[in-house]
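Undergrad: Protein chains in written order, with the numbering used here: chain A, 669 to 952; chain B, 669 to 952.
Do not rely on the hints blindly, as some may be mistaken.
As the list makes no split between identical chains, a pair holds if one copy fits it or if it spans any two.
To be verified - Okay, derived cross-link-like pairs now, BS3-like style, lysine-lysine, Cα gap no bigger than 27 Å in a straight line: (1) 830 with 673; (2) 949 with 830; (3) 949 with 860; (4) 949 with 846; (5) 949 with 673; (6) 928 with 846; (7) 673 with 846; (8) 928 with 830.
FYI, nobody ran anything at the bench for these hints, they're computed from the structure.
Number of protein chains: 2
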Amino acid sequence: MSDPKELDALVEAIAARVRERMQQETVPPLPGVRGTWNDQSSLKRWTQNVVSRVGSDGTVGKESEGLARMIDHTMLKPDATRADIERVCREAVEYGFASVCINTTWLPLAVQMLRGSRTMAICVVGFPLGAAVTTAKAAETREAIRLGAEEIDMVVNIGALKSGDHDLVLNDIRAVVKAAQGRPVKVILETKMLSREEKIAACALSKAAGAAFVKTSTGFGGGGATAEDIALMRQVVGPDLGVKASGGVRSAEDAASMIKAGATRLGASASIAIVTGGQGKGAY
Amino acid sequence: MSDPKELDALVEAIAARVRERMQQETVPPLPGVRGTWNDQSSLKRWTQNVVSRVGSDGTVGKESEGLARMIDHTMLKPDATRADIERVCREAVEYGFASVCINTTWLPLAVQMLRGSRTMAICVVGFPLGAAVTTAKAAETREAIRLGAEEIDMVVNIGALKSGDHDLVLNDIRAVVKAAQGRPVKVILETKMLSREEKIAACALSKAAGAAFVKTSTGFGGGGATAEDIALMRQVVGPDLGVKASGGVRSAEDAASMIKAGATRLGASASIAIVTGGQGKGAY
Chain A
669 MSDPKELDAL VEAIAARVRE RMQQETVPPL PGVRGTWNDQ SSLKRWTQNV VSRVGSDGTV
729 GKESEGLARM IDHTMLKPDA TRADIERVCR EAVEYGFASV CINTTWLPLA VQMLRGSRTM
789 AICVVGFPLG AAVTTAKAAE TREAIRLGAE EIDMVVNIGA LKSGDHDLVL NDIRAVVKAA
849 QGRPVKVILE TKMLSREEKI AACALSKAAG AAFVKTSTGF GGGGATAEDI ALMRQVVGPD
909 LGVKASGGVR SAEDAASMIK AGATRLGASA SIAIVTGGQG KGAY
Chain B
669 MSDPKELDAL VEAIAARVRE RMQQETVPPL PGVRGTWNDQ SSLKRWTQNV VSRVGSDGTV
729 GKESEGLARM IDHTMLKPDA TRADIERVCR EAVEYGFASV CINTTWLPLA VQMLRGSRTM
789 AICVVGFPLG AAVTTAKAAE TREAIRLGAE EIDMVVNIGA LKSGDHDLVL NDIRAVVKAA
849 QGRPVKVILE TKMLSREEKI AACALSKAAG AAFVKTSTGF GGGGATAEDI ALMRQVVGPD
909 LGVKASGGVR SAEDAASMIK AGATRLGASA SIAIVTGGQG KGAY
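Input sequences plus hints: build the corresponding full structure.
TA: This is the structure we're talking about:
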């Protein structure tokens, strides 16, 4: 499957099935929402500057602000306390991160703390296994939107994908997109668990279902973002969707490598290390 | 906190707060449902026979049937396929396990495959982080019951517990108990992440909220069931609730040790190894 023509053929075959299925239904267009998910110009500028500069003096200088606007500052550990969430929110505002990415139980606190800032409260759904039934994922999404979430990071139904049940995968994503009422939905593929063909199918199905982003990893399933996966995902979804690199992004070098490969958003817990030129720890 | 009187005082303090909060509301009693969760007599018999016998000839003989009826045969991996779930259901019926424990996406398949057998289809909710907002856990539970789940294994809100927010922990469990409409609810504590005081509080709150079981581990959070934790949990909840040992239970010896410590249900993926005297692998 290294032949680009074969890739195109597979994506087209999936797209044809999807179009057929959606003849009577339309996926709502994404309205203009607050966020940086499609800000290609500042992105390109940052990438051009940083990719060549980073590492010379250990920091990324002024461009770190542009970089910060691409980072979802993430705290998903199950044992995170109220104090942890409060700290992450304060950090996100201070450094100007795009968002704070948390579990839904912390949304009321985060929304309150981020009010009036440029930083969004975003959350995960069906996380991290992706194996909750579709109606439950949709209900969690509706509740998250009600509580003020500005973006939804859902996990694809990995088992259905691996069972070849593309209909279920598509409808699962579409139900969450619908429940998100126009807010951008990211589809986490958990790339570590997928074959190349499964990654391609998941990207094509995400795009067809109206997702705004595809995203590499949960940080809980082993493995993480690789430049190779980012490039493949970008190739399949084209220029219109966002691609988020998550899992193991811990330094400015990691960030630059992901952006160079096609990422438009980064998920990280080591966000401060990334924008200040340090080296973070942890799986996410 | 090794003094039993201190333990009693802590449990009583939590119970008093809970009673105060619930003055106007009542927790519905558990109706008689199909299952083995409160079958103390067959349990005691099995324990007495097996604890002394196991290991002499490598099998547990006739008593393995009683043991099988205590096991939730478990398949929670996110990349489990339709074929994996079908295999687990066939195994559960063949060996007479109490249930098949799966993610909610597989409930329709499992309910269909287990129809007419003694084996229940049960599922996890808010799994494995326990950090979904209460309304989402309740919605997932309602949907699971609608699809035919006979028991619900929910994860406690670990972050709220560690933040000392006992009200939220209690109400989270109560909402799931209510949504389960009389079906037994197990509360997974993820003991590895908790201090002794937090384990005690979680057990007291689970009991107060109307849960049918407390359970040690998700199998995804590191660590697993220990005899010490089982004994502590049994001490706090008393004789009326079930205690489920899960995570790392892989042999008849493991099973016997957990039952001796007070477990009335076992969660395992190595269930066949357990009842045939072998040694299983994997984290769950």
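Undergrad: Just pull the numbers of the violated hints for me, sorted ascending.
TA: Per hint list: 4, 5, 6, 7 and 8 violated.
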